[in-house]
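*Asks:* Sequence:
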Amino acid sequence: MMQSQPQDEASFLTYPHPPPNMRSQFKDDYPFESRAAEAERIRQKYTGRIPVICEKVDKSDIASIDKRKYLVPADLSVGQFVYVIRKRIKLEPEKAIFIFVNDVLPPASALMSTIYDEHKDKDGFLYITYSGENTFGSL
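Okay, so the sequence shown: first residue is 1 according to full-length UniProt numbering, each after it adds one.
Just so you know, these hints were derived from the structure itself, not from any lab.
All residues carry an ideal CB built from backbone N, CA and C; glycine is no exception.
Check the hints yourself; a few may be wrong.
Unchecked claim - The following label-pair restraints were derived from C-beta to C-beta distances:
1. Glu94 - Gln44: 41 to 49 Å
2. Asp29 - Asp61: 19 to 27 Å
3. Lys59 - Arg88: 18 to 26 Å
4. Lys122 - Leu71: 31 to 39 Å
5. Asn102 - Ala36: 12 to 20 Å
6. Glu92 - Pro31: 35 to 43 Å
Work the whole structure out from these sequences, hints included.
*Replies:* Structure, rendered in structure tokens:
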């Protein structure tokens, strides 16, 4: 008799599909040269901090954030950054939020410095998009 292997609990979690590689409004608003110069200036002036652009996925039902440019401590975890976003958009507790970096859902325990090293843009910023959905469905 064949015994079934225990499955990893995380394999049962479902996430929304990542948004299509959406164009950043920040990139549309500012030319590459000025973005790259600003990111370099920030990295020189604020060592130990990461320049992050955080924008909402276009068709998301979640609120827009009041600012899109952040200077994040390198030792902040992705989960802690998500908490900051939740507070800034005053997200209700029953709503979930998902962040994506290059169409990938990063682990909540990962350090922002690691995500930056792996996914920073050529201009020196780390681009993060966020989306949400109602955790409990329609009530």
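*Asks:* Compare the structure with each hint and give your call.
*Replies:* Checked hints:
Distance hint check: the CB atoms of Glu94 and Gln44 are about 42 Å apart, consistent with the given range 41 to 49 Å. Separation of Asp29 from Asp61 is about 24 Å and conforms to the stated range, judged on CB atoms against 19 to 27 Å. Distance hint check: the CB atoms of Lys59 and Arg88 are about 20 Å apart, consistent with the given range 18 to 26 Å. As the Cβ distance of Lys122 to Leu71 is approximately 20 Å, the hint placing it in 31 to 39 Å is violated.
Judged by the Cβ atoms, the range 12 to 20 Å given for Asn102 and Ala36 holds: they are separated by roughly 18 Å. Checked against the given bound of 35 to 43 Å, the beta carbons of Glu92 and Pro31, roughly 38 Å apart, stay inside it.
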